[in-house]
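J.: Combine the two chains into a complex, taking the hints into account.
In order, the protein sequences belong to chains A and B.
Numbered according to the working numbering, the first sequence spans residues -10 to 603.
Numbered according to the working numbering, the second sequence spans residues 1308 to 1469.
Calculated directly from the structure, the hints in this document are not laboratory data.
Be aware that a few hints might be false.
To be verified - Now the stretches of chain B that chain A is said to cover, found in silico as 3 or more residues with beta-carbon under 8 Å: (1) 1335 to 1342; (2) 1373 to 1379; (3) 1382 to 1394; (4) 1398 to 1404; (5) 1434 to 1442; (6) 1452 to 1463.
In this text, a Cβ means the ideal position worked out from N, Cα and C, and glycines have one as well.
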Amino acid sequence: MRFKSGIDLETYREQLKQKTDPNRIKIRICMTGCRAYGAVELRDAFREQLREQNLEDQVDMVETGCHGFCAKAPVCVVEPMGVFYHGLTPKVIPEIVEQTIKHGKIVEEYVFQDEKGNKYPYEKEIPFYKTQVRVVLRNCGRIDPTSIDAYIENDGYQAISRVLSQMTPEDVIDVVKKSGLRGRGGAGFPTATKWSFARSAPGDEKYIICNADEGDPGAFMDRAVLEGDPHSVIEGMMIGAYAIGAQTGYIYVRAEYPIAVQHLKIAIEKGEKMGLLGENILRSGFNFRIILKEGAGAFVCGEETALIASIEGKRGMPRTRPPFPAVSGLWGKPTNINNVETWANVPSILLHGSNWYAAMGTETSKGTKVFALAGKVNHTGLVEVPMGITLKELIFEVGGGIPNGKAFKAAQTGGPSGGCIPENLLHLPIDYESLAKAGAIMGSGGLIVVDEETCMVDIAKYFLTFTQNESCGKCVPCRMGTKRMLEILTKICEGNGKPEDIDTLRGLAENVKDTSLCGLGQTAPNPVLTTLNQFLHEYQEHIENKRCPAGVCRALISFHVDAEKCTGCGRCKVVCPQKAVSGEKKEVHTIDQNLCIQCGICKGECKFDSIYIV
Amino acid sequence: MEKDRGSEIDLALLDPVIEEKKHIKGSLIPLLQAAQEIYGYLPEKVLQYISSEIKIPLSRIYGVITFYAQFYQKPRGKHIIKLCQGTACHVKGGKGILEEVERTLGTKAGETTEDLMFTLETVACLGTCFLAPVKMVDDQYYGRLTPRAALKVIEKIRKAEV
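The following block holds chain B by itself, in its conformation from the complex (with noise of 0.2 Å):
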């Protein structure tokens, strides 16, 4: 699937960014970012363009993108569901409604649905403890959830998308 994709990638799309942030220092994870937000995620074809056009060693990006959560490697969901695995959500059953989700979708927290429909990520705390448990669904807060409840948002979300 990688592969196909790799085909349709624009990499002109970059250069106004490259052009931006090559001369100020320490942009190289600014760069990553705008680069993400583009493409939905980093393809390696990006990374060897970011890499050529501003001389860091593809080694050392690869560094970088490997060491923080938010980069990533593969092609994302449409929508993306993250749960929050924080302490006020762990005690208050945060954990049930993960393994409940993924028993749905049929992924393991950090994959994607094979109809690239979902991405389902935890989170190690989305700072909205009042709401406990929480998950967000792409901008969209969920609080004081139960499994079922967690089942619904998103069987909600599959129906609109038919």
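So here's chain A without its partners, still in its complex pose (with noise of 0.2 Å):
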């Protein structure tokens, strides 16, 4: 099929739709991140036990991208039911199809419980579901991602098919500016405003770029939207080439993401072969091609100067603005680049209108936000929730709180450019302002959340370690500004701090952030600013009492068996890498603080919780 016309897209997405029974079977199984905890296996048993219960034809299984609820992968949905299973085996998969394909019967031994006991075997009930609101992630889990056809059926292309026969390109950037869409790279820039920028620039020739260089360590939501649903990129990319008078497109996509990278190949293939891409679209003359690059490595090329530098060939440095992409960017020429979310945002809000859109959220930030949820909460995987929910109901609602009852500490937002957010300010609404007032940024959406065993001093250095690794090196202050303050925060850690640090410590950081060139310099110094702000204690009790309250900080801790627990099973004995642990059997052990590299394994192993940290 090769559509001419947008009745012909139109014509074809009707006989999908007729073709489709609602009551046909279906189990719908992540493909992505469940694989590796053997969603392939699992597959391979349903398809196996379909095939000898001679059930092939009655049921469909429908290979999909993330379902979000990742804590419990491996995950798969029955449909029409909409009966949630998780954790399953392909041993139990018999079960599973006599019971519940054959028989429409819940095995209740795979439905979701919460803490208190409740089974939830529909998956539109689970509360980690219940407070989501799926924009950007509508087909995620839904559909087979490698199917254009499954995206066309879910009113794909119908948007670009609209904008295409029946807007200028005014009105696209005015219906995006009513809708109040702000990139969701981190920034929150207003997307309309920049469209029109790149729009408004002189020259014949310009370019659109998906920057699908997902860097911020904890963050996947790109990841899962490109692997889940690439097609919902690409219509979002031809919506913004359409706007701003682009020919070619560009995705950037992080090497790492060999899934995201494959399917994206496979949509762009068949987008091609059915005229959705390339001549005269849908006979209405406008042109657009898509190129895939692949990074090769580098964070700071997730800043949109680097990042072009990147696709032109040469080393992903940073140069000064202006002039801005917007005038002059890829091969000089005007250029506008968008992250993938922001991209997925799009022919959702020209399909449904800016009313819609603007409705859900705060009055500065509309829409859904992604967020990739770990660390130390019980429910991590992905969610989407609306622009306004406070941070306390993402984290302990729908993220399920934190795990084995230990107290919560502060969230992480924005990655290595973002801040850590105590408890007492968790009843903040999540929007962009709020979270820049709170010292931390929204950032791309990873949240990590950590707990009374995260030391504060040990995170702002983790976060160091990985800019002052990634600078370029161009500019001085990021350079070695970066440099200077991980030194510092290394000397804290060893116990070796002096008072007079913090002082240096913070002004070394305001100065970064200042005068550093791109956005990495200006926001690396973010999480040791608000470490330094909400968790100052914890530096001074590093400093002036040596001691680490987490018990991370090796240099500031030592391990000891606690003689009324530890029952002498001898695994601490055997798992030491020191050989530091002694004792006969069944009784208590103990260990050699000579030998000890605080490594921690043994506390790790212990089964009784014998061994604690001083």
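T.: Following this line, the structure appears as structure tokens:
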């Protein structure tokens, strides 16, 4: 099939919809993140069982992208009932097929159960999903991302078809402007304003770029969208290209994401085959092609001028602005860059209108935001919530709180550019301004929860190690400043800190923030500044009392055996790489402090919780 | 070791790739990626050949490959271990796992074992934070690791190779 007009596309969509029987049994199984937990074996077991039972013709296996509830991997949903199963193994598939597929009965053992023991067999009733509003992730976990038909059937390419036949580029920019959409890459610049700069820049040759170089440690939102619904990004880019007058788009994708690259390649190829990419799309006179560029591993390439240099085949180093890319970008031509999530929002906005979109969120931050929940939180995974819900709701209701009864300490947003938000600010609504006021940033959506066992000085040092390593070295404040800051943090963590270090650190941080060339250096001090502001007492404990309250910094801690709890099982003795543990079987063991290197393996392996840190 | 391998390098394998890419603007990085795909790393001989074929000075090519983390100038192991050092992995003990693997393999991160069996690398984030702490060996993810579990995976691969 090759669409020659919008009517062709609509007819095709109608045919697809008519062919679909809403009562047909479907098994939606995650084939992306859940692979690490045996999703492939699970799918094969389902297939085999369906074949044995002669059910192959009656049941569809839909291999989808991420369902979001990664903590429960591997997950799958049986439609049309909407039964959510997790933690399945190939061994139990015969039972699932027999009970659920053949007789419509629920196998309670594998449905979601909360901490209080309440069971939630249906996906839509699970608290993790209930608070979520899925705009960007509308298709993720629902459709087969390698099937363009599945995307079209779910209203895919309807927005671009309407744009091309009924709207001028100015109309498009106006709708996006009224929707209030802001860049989801971190800084939150109004998308329509960015587009209008590139639109009004003189020149016939213009480019758009999708920034898919998701480099923040602790972020996997863009990965999930690219893997689970690549066509939504492509359609968003088409709409943006039409709006600014670009003929070529680049997707700059991180090479660490092989499934995303593969799904994008398939999506582009199918789009070209069906006449949705290429020359004279849907006979509108609009030409657009997409080129995929795989990154080569440099965090700074997330900065737009560095990303452009990288596409041009150079070292990915940023340059001073102005001129902004909207005026002089790729190959010196007007260029517009947005990130994956921003592009994926665009088709829905054009399809449902700016009022629909602007009705979600707060005064200044509209729509939804995707977060990657990770760290010390029960429901790690991918969530999409309306802007304006509080961090508390996000972490404790959607995220299910902190594991093992530990106390919450901080939420880290925005990765190495962001900051740590303490408990007393958890009532803040999630929007660009509130998070900035707390010294953090919205960032691209990585949200790491840390508990009482996380040292905030160590966290600051961790992020500085990262930014110092990734600093491209072009400007002095970032190159030297991050290095000096890291030296001080290392000194403090090793127990050699001095009281005056705090002021030096703060002064350096302010300088690096104010004088660095690009976003990397300008935001690198944020983790240091927010921890200094919110957790100063932890720094002071390290410096004045040579103590790490969280029990993390090795130079300041020692491991001991609790004689009351130790059963003398000998496990710690076996696993200790230093042979520092001694003791006879069934007798209390001891740790030789001269040999111990504080690696903590014994503590992790002890089944009786008998090893403690001082 | 690199010298021994130098004589085995068949530059003709590069010709179709160069032919395909040399007229495309900004194709240096994809070309280097393709070359690395062929040889497993980027030997000097290959870089010199690319430089003379696409008329880009060797100095600029070195500038590029030393800037990006994914280009290698030394042969790599048969199996690539990527230990994630992302935030979620860090707060869940990723560093301890790295140290234990380093100790066992007798190599530091970024190095290859002498028998060319394993290359140990650290990655800023594998983007699978829900599996933290996590590592990848070749194309396979291993999540919710402990130092012991991480070593078991390596032992298993080593046994399968004997």
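J.: Next, verify each hint and record whether it holds.
T.: Hint-by-hint comparison with the structure:
1. 1335 to 1342: holds (count 5)
2. 1373 to 1379: This one holds; 5 residues, not fewer than the three required, reach chain A with a Cβ under 8 Å.
3. 1382 to 1394: holds (count 3)
4. 1398 to 1404: Contact hint for the region 1398 to 1404 of chain B vs chain A: holds, 4 residues under 8 Å.
5. 1434 to 1442: Coverage by chain A holds for the region 1434 to 1442 of chain B (7 residues, Cβ < 8 Å).
6. 1452 to 1463: It holds: at least three residues are needed, and the region 1452 to 1463 of chain B offers 3 whose Cβ sits within less than 8 Å of chain A.
Checked against the numbered hints given earlier, this structure breaks none of them.
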